[in-house]
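Spelled out, the chains give:
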Amino acid sequence: MKTILLIAKDSVRALLHQRLLLGLMLASLAMTIFFSITLGAARKSINRSFADGQTATNSFTGTNQMSETDRRRFQDQMETASSAVQASFYQIASFGGSIVALFIFSTAVSGEIRRGTIRLTLSKPVSRAAFLVGKYLGGVVVMAGFAVITSLAILTFAHSQNVELSPAIKWAPWLMFCRQLMLGSLAMLLSLFMHPITASLLAFFAGNGFYSSPNPLYFVLPSYKDFNVFFQVLQGSLMNFRDVAFLSLYAIDFVAIMLLLALWRFRTKELV
Amino acid sequence: MAAIRTENLSKTYRAGLSGKDTVAVRALNLDVKEGEVFGFLGPNGAGKTTTIHLLLNLIRPTGGTAFLFDRPVTETEVHRRLGYLPESVNLHDYYRGRTLLDFYAALCGVPPASRAARVSELLKLLGLEAAADKVVSKYSKGMAQRIGFAQAMLHDPDLLILDEPTSSLDPVGRKDFRDILIELKRRGKTVFISSHILSEVESVCDRVAILQNGELKRVGTLRELSAGRSTRLIVKGLPAAVMESLAATTAQVTLIQGQVTIRCADETLRQTVEALLRQHDVEIVCQEIETQSLEEIFFSTIGSQPKP
Numbered sequence: 001m002k003t004i005l006l007i008a009k010d011s012v013r014a015l016l017h018q019r020l021l022l023g024l025m026l027a028s029l030a031m032t033i034f035f036s037i038t039l040g041a042a043r044k045s046i047n048r049s050f051a052d053g054q055t056a057t058n059s060f061t062g063t064n065q066m067s068e069t070d071r072r073r074f075q076d077q078m079e080t081a082s083s084a085v086q087a088s089f090y091q092i093a094s095f096g097g098s099i100v101a102l103f104i105f106s107t108a109v110s111g112e113i114r115r116g117t118i119r120l121t122l123s124k125p126v127s128r129a130a131f132l133v134g135k136y137l138g139g140v141v142v143m144a145g146f147a148v149i150t151s152l153a154i155l156t157f158a159h160s161q162n163v164e165l166s167p168a169i170k171w172a173p174w175l176m177f178c179r180q181l182m183l184g185s186l187a188m189l190l191s192l193f194m195h196p197i198t199a200s201l202l203a204f205f206a207g208n209g210f211y212s213s214p215n216p217l218y219f220v221l222p223s224y225k226d227f228n229v230f231f232q233v234l235q236g237s238l239m240n241f242r243d244v245a246f247l248s249l250y251a252i253d254f255v256a257i258m259l260l261l262a263l264w265r266f267r268t269k270e271l272v
Numbered sequence: 273m274a275a276i277r278t279e280n281l282s283k284t285y286r287a288g289l290s291g292k293d294t295v296a297v298r299a300l301n302l303d304v305k306e307g308e309v310f311g312f313l314g315p316n317g318a319g320k321t322t323t324i325h326l327l328l329n330l331i332r333p334t335g336g337t338a339f340l341f342d343r344p345v346t347e348t349e350v351h352r353r354l355g356y357l358p359e360s361v362n363l364h365d366y367y368r369g370r371t372l373l374d375f376y377a378a379l380c381g382v383p384p385a386s387r388a389a390r391v392s393e394l395l396k397l398l399g400l401e402a403a404a405d406k407v408v409s410k411y412s413k414g415m416a417q418r419i420g421f422a423q424a425m426l427h428d429p430d431l432l433i434l435d436e437p438t439s440s441l442d443p444v445g446r447k448d449f450r451d452i453l454i455e456l457k458r459r460g461k462t463v464f465i466s467s468h469i470l471s472e473v474e475s476v477c478d479r480v481a482i483l484q485n486g487e488l489k490r491v492g493t494l495r496e497l498s499a500g501r502s503t504r505l506i507v508k509g510l511p512a513a514v515m516e517s518l519a520a521t522t523a524q525v526t527l528i529q530g531q532v533t534i535r536c537a538d539e540t541l542r543q544t545v546e547a548l549l550r551q552h553d554v555e556i557v558c559q560e561i562e563t564q565s566l567e568e569i570f571f572s573t574i575g576s577q578p579k580p
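From first to last, the protein sequence lines stand for chains A and B. Positions 1 to 272 (my numbering) are the ones given, in order, by the first sequence. Positions 273 to 580 (my numbering) are the ones given, in order, by the second sequence.
There could be a bad hint or two in this list.
Claimed, not checked - Under the rule of at most 16 Å between Cα atoms (straight-line distance), these lysine to aspartate or glutamate pairs were calculated in the EDC-like manner:
| id | chain 1 | residue 1 | chain 2 | residue 2 |
| --- | --- | --- | --- | --- |
| 1 | A | K2 | B | E567 |
| 2 | A | K2 | B | D374 |
| 3 | B | K489 | B | E567 |
Said to hold, decoys possible - Which stretches of chain B does chain A cover? Using the computed rule of at least three CB atoms under 8 Å from a CB of chain A, they are:
| id | segment |
| --- | --- |
| 4 | 350–359 |
| 5 | 478–489 |
| 6 | 534–544 |
No lab work stands behind these hints, which were simulated from the structure alone. We put the CB at the ideal spot given by N, CA and C, even for glycine.
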């Protein structure tokens, strides 16, 4: 266990020194901020146009009162705009996170083999299993950090824009994190057979979203789409804890199976 | 107990459908005893590095088995007694020298209490004190090789496997390296060195093995390898009849200031010449086994000549 933690710590250190990864994270963050500002501005514009309309109505009727219908219409518009802002925010963060996850996990082991640094590490009393699990754990820590930053960004954004949080958005970072770990475990497994870029692309497009129930591929391929809560956030619908727990269990099982397959492959892989 | 033992160790790289398979190591039988400094020689592509990778379990053999301290190389625990310096030292370049060694020391199981002291000791021994807090990516090749050597010695292993350890070192570095090897030898450590620098191997190794095209050509001490090859017989006066008989053999006869020297290239020829001399009652004043330098042994083994 100590060895796994040492490898994981080293992996986190290595990832934080990767310029490409930092670039991806910054790009993802910049994209999120950009869209947040744009969407925030759109929301303000709705607010302003409503306020202008209200002023015009008040001056015409000579009252300061907003009618009940207008108030409801305004509230509906505001809620829709808020949900759209949150859903878009989530979608961007989720996509950016997936790219980061694919990059991290597909290069975690294959990068060490390519650079030749694995030779020194495995000449120490470090088993291949400990190395692989440690590398995965390092990636998990970085992705957890990314999920925390995303959650904080959502909260900060909601607070600054005075937006009421959609019920589903509360689970969104966790489900996004689970999805990224699934993507990552598959990308890591595939990177032991092929080039990391091919492995990443294959992992990303290997979801069962393109198939429906009678097709065997629907049951074999990972179900990423269930982890995407874009529509729940957009519609402001509730998510029950049982669904989230079930999805979490599915993700854990999936990751465990992928790691076991990766271990099986890595056990006999030539490392030079 | 053997520090390194291989039994018919083989490695063949399979080519695709169109290509030819490449035999990197062919039924290699090695036995490196504990406490000896063993030189592993061979021209480029002889299979030295492949053998080392097999010993480290970085690649899988296609035949045979390898053992370190009588345990299969696939056992991770046996690496507690092993230190390895690769030919090209690829380090985690985001570390500083000191933290890199600390990381490797932790992996080797060096207790935290003694880790800092051990790291400092090795940094000093390898002349890296001034660069200890420099980022490893800024290190020169020679410095990288030095720190690579330091990481191999962190846990004071019983066996050191060094692949071209001095290829990037300057003469001062080479001398320091040789001194360290001599000290390790004195302390009873086993050192397995693959090197192209024959003079270096000659000066420190107890035994050497010469590999060519993946095949073990010769193995033994320098004395064993050079012995029984060519012999010089010095005789007093040589009758014409003997001279004629010798002319029919491949023995080389030279006459300098009345002293005749007969050079016999191998043991069979020596026995023939001795019999001939005895037959004619020629007194053998002196008999010397010609010793060869490691370079001569190496080139005669691989069937090539050093370029002038």
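* Could you work out which earlier hints the structure fails to respect and list their numbers in ascending sequence? => 1, 5, 6
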